[in-house]
Amino acid sequence: MLESISGWRVVASAEALGALTGRVLRLAEDEALIIGGERPELADPDAIVVEDSGWMAVTLSRTELAALLGEGATWSLPEGDGLVQGMLLGVPVKISVKGEGAQLLVLATLGAELSERML
Amino acid sequence: MNFDFEGHPVEFRRGDSVAVALLRNGIHPRGGGCLCLEGDCPNCLVVIDGVAYMRSCQVAASDQMSVNAQPFGEDPPLPQSADGHHPRHRELEADLVVIGQGEAGRRAAAGAAGSVITFEAKRGEEVVGIYAGPSVVARTNNGTVSVRCQRVIVATGAAQGHPPVTRLAGVLTSRAAATLEAAGVDLGNKAVVTLEDLPVIFEGEGRVSSVVTVDGRRLFCDTAVCDFGLHPRSALLRMGAGLEVEGAGDVTLEENLPPLPEEGVICPCSGVSVSDLESVWDRGFNEMELIKRATLAGTGTCQGSVCLPYLKSFLLGKGVHTPAPFTARPLSRQLSMAEAAAGFDHTPFRRTSLYDEHLRLGATMDRFGGWWRPWRYPAHDQEYWSVRERVSLMDVGTLGKFEISGPGAVELLERLYPCRVANLAEGRIRYALLLDERGYVLDDGLICRLSDTRFFLTFTSGGASFAEMWLRDWAESFGLDVRILDRTQSLGAINVTGPLAKELMAHAGLDDPPRYLRHVDAEVAGIHCRVVRLSFTGELSFELHHRVDQSVELWRTLLELGEPLGIYVHGLDTLFGLRLEKGHFIVGMDSEYDSTPRRLGMEWAADLEKGDFVGRQALIRTNRLPLNKRLLGWTMEGPPPIEGSILFHDQVPVGQVTSARYSPVLKKTVMLGWLRGEEVDELVCDGRRAIHTAHPFYDPEGERARA
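These protein sequence lines map, in sequence, to chains R and Z. The numbers in the numbering used here rise by one with no breaks, and the one at position 21 of the first sequence is 48. The numbers in the numbering used here rise by one with no breaks, and the one at position 84 of the second sequence is 374.
Calculated from the structure, these hints are not laboratory results. As the structure is a prediction and not an experimental result, all values here were calculated from the model. Some hints could be false.
Derived SDA-like pairs (lysine to any residue); straight-line CA-CA distance at most 25 angstroms [stated by the list, open to error]:
no., chain 1, residue 1, chain 2, residue 2
1, R, K121, Z, E758
2, R, K121, Z, V406
3, R, K121, Z, S569
4, Z, K919, Z, K957
5, R, K121, Z, S755
6, R, K125, Z, T637
7, R, K121, Z, D839
8, R, K121, Z, L689
9, Z, K608, Z, F639
10, R, K121, Z, A399
11, R, K125, Z, G901
12, R, K121, Z, K608
13, R, K125, Z, S751
14, R, K121, Z, H379
15, R, K121, Z, S565
16, R, K121, Z, E893
17, Z, K412, Z, F658
18, Z, K957, Z, E968
19, R, K125, Z, Q840
20, R, K121, Z, L458
21, R, K121, Z, R380
22, R, K121, Z, V341
23, R, K125, Z, S755
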């Protein structure tokens, strides 16, 4: 059920990242992953912007993801929207929660392993 | 209702344990031996649904169950499959854990304040260990449980004493006899023997027919019922010594020890006899712990439940006044491998974007540096010769790959690397070591300059995650304005290597590939790549870094284009031999914890004149000391010795081999190995002469790589 996704990986100043629009997952103060879309323009001449296809993802309902975490993780989804990350069945994942939906992301190098463990 | 025992149906009644059902049908679970039916002895062990060491008295009988005997003196068969055995693991918390739900346990639980969790073996809940915390770990019918708590009360009661070991059926403790009679099992004519009757001799063929007591009475019977006193089930209590763990009820009883028989086996698990005890005593094993280690008494399935009273009697007889029981450690009960692994997820190994391609080519995969990597392909001999004589591909997507930019980038790299960075021209590459503050080699890789303020760095496959931490930490410590991006997982890399590599690049549309130690961004077979020219194999090589979603297309196209050139692929096994012919060391394989550039023979890689860098002060200091160990090249005739083999000089060990391979092109074994002390020209390794030989062993001038 995991599918390859591509987007843009950006490392830049916090101010430049803060001005980004679109489906921006802020992975760290200086780093973001933008899913899909055109190459972003940033107000940081030293920004690193690269096309990134090294991820796999699946979109699930909040209820489905909560059940998945209940089986294979020691942490749970946040009550509100946001990005959380941790180990699911021993594999590091990121989960972007928005409303009643959530997108689970995993590095493509670990996607097959996670799929096998979820079976 | 019935289950299968050794291929035959066994009828059981609701509430029967497996042991009770077998005994009702006239079957002793292990053929013979005194039974307690309380989980204390090893005499009812069976294999249930492929899982060995199951106490049949503790497992409720159920339909579809497959039960097999577990013979004495033989290892049970290993399960052929883990299918169906995936127990869950739960983590719980409580104020109090009470182990045992007899009268004392129930009273302790009822009177406690706060949250209480209870375990009872008769409910299929066996506590296997108490750890610091305290933390109580149990196996249950629904998987394993770990409970963190404030306090533990052990109310496991007391076990009935066993007679010395007999292999006859029909011998029971009095509690076992009561259990069977309550379950409607006819025991026939019973003879009851007590502590005063010991030592006793059981007589009969297969099943007991009479018992001879210490005073010579012969009691004829169908069942011998033993009432030999109580012995505290104190293993868990002893395991919790020093923790908030206390005993309640019979577990704190003073025990009446049985007299030691003159002969015979007293430990059914390890088959330890009275003469074995005498033998180890005579050899100086005069304490309980030493006797346990020398004989293995108490280390088996029942953890001393049967033999410990006899061991204490033995020591008392030798004048040891208060023989303490041996130390109790987890696990006190058997766990299946599946139960031990419940709740544990092993560290995942990453797969490159070419993983399925390797499988398609028939590769044998292995784990290396945190990745699944092809070790060998089916035409193994061709792997080597395609590199040395034609052209070959290797998946090197596992290399650590980083991009770094910003006004502080040059300064950061100058301070981290022992080589010069500022004078590296755009489009050029420099090999570099990475040192820690003591001047020891942490990793190695390439520095590729992309522009004034941008660099592309590579690290070893296993070193990437550490490298990011290292780069970020030092950038922050120095307060430098840089951006750092780990591209290891999003960039694939294929190494094209061999004397015909340039022809293959031309076939793929790259007519003007970069010169040695240079890089360009270019289209290769229609795919945008960063083409990096260097060599680890010793042959003309190009690393093609590209987006991971294009790896399969690039790999397949190159294989197709290379077919007229005799292309093949190579795995790690072959690469290790190729690089060894060139004398290239591998971090962590050939280098040691304290390997400096000087000890590795790579002083050229550290420019002490360029200004300060991490490790420089340590190198300046240690360079003044005598060189007491160095990594050198060695050659020898015949097959390679095992890596790690000792190097001898005048029969004194002076070092060890770190890598050794037979070189097909040089027709001798080439090796790297550490030498401690004075440099010598000849050593002995694996009983043969090893000659110190300058490396690279192959193409020492590097003409092939620069071609």
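Comparing the hints with the structure gives:
1. K121(R) x E758(Z): 19 angstroms, holds
2. K121(R) x V406(Z): 36 angstroms, violated
3. K121(R) x S569(Z): 63 angstroms, violated
4. K919(Z) x K957(Z): 28 angstroms, violated
5. K121(R) x S755(Z): 18 angstroms, holds
6. K125(R) x T637(Z): 30 angstroms, violated
7. K121(R) x D839(Z): 20 angstroms, holds
8. K121(R) x L689(Z): Roughly 23 angstroms separates the two Cα atoms, so the pair holds.
9. K608(Z) x F639(Z): The given pair, whose Cα atoms are some 57 angstroms apart, is violated under the 25 angstroms limit.
10. K121(R) x A399(Z): Violated, at roughly 43 angstroms.
11. K125(R) x G901(Z): The hint is violated at about 51 angstroms.
12. K121(R) x K608(Z): Judged against 25 angstroms, a Cα distance of about 66 angstroms means the pair is violated.
13. K125(R) x S751(Z): 36 angstroms, violated
14. K121(R) x H379(Z): 24 angstroms, holds
15. K121(R) x S565(Z): 64 angstroms, violated
16. K121(R) x E893(Z): Not satisfied, since the Cα-Cα distance of roughly 44 angstroms exceeds 25 angstroms.
17. K412(Z) x F658(Z): 47 angstroms, violated
18. K957(Z) x E968(Z): 29 angstroms, violated
19. K125(R) x Q840(Z): It is violated: about 31 angstroms lies between the C-alpha atoms, which goes past 25 angstroms.
20. K121(R) x L458(Z): At roughly 62 angstroms apart (the allowed maximum being 25 angstroms), L458(Z) and K121(R) break the hint.
21. K121(R) x R380(Z): Roughly 24 angstroms separates the two Cα atoms, so the pair holds.
22. K121(R) x V341(Z): Since the Cα atoms of K121(R) and V341(Z) sit roughly 38 angstroms apart, the hinted pair is violated (cutoff 25 angstroms).
23. K125(R) x S755(Z): Distance of about 30 angstroms is beyond 25 angstroms: violated.
The structure is inconsistent with the numbered hints 2, 3, 4, 6, 9, 10, 11, 12, 13, 15, 16, 17, 18, 19, 20, 22 and 23, although it conforms to all the rest.
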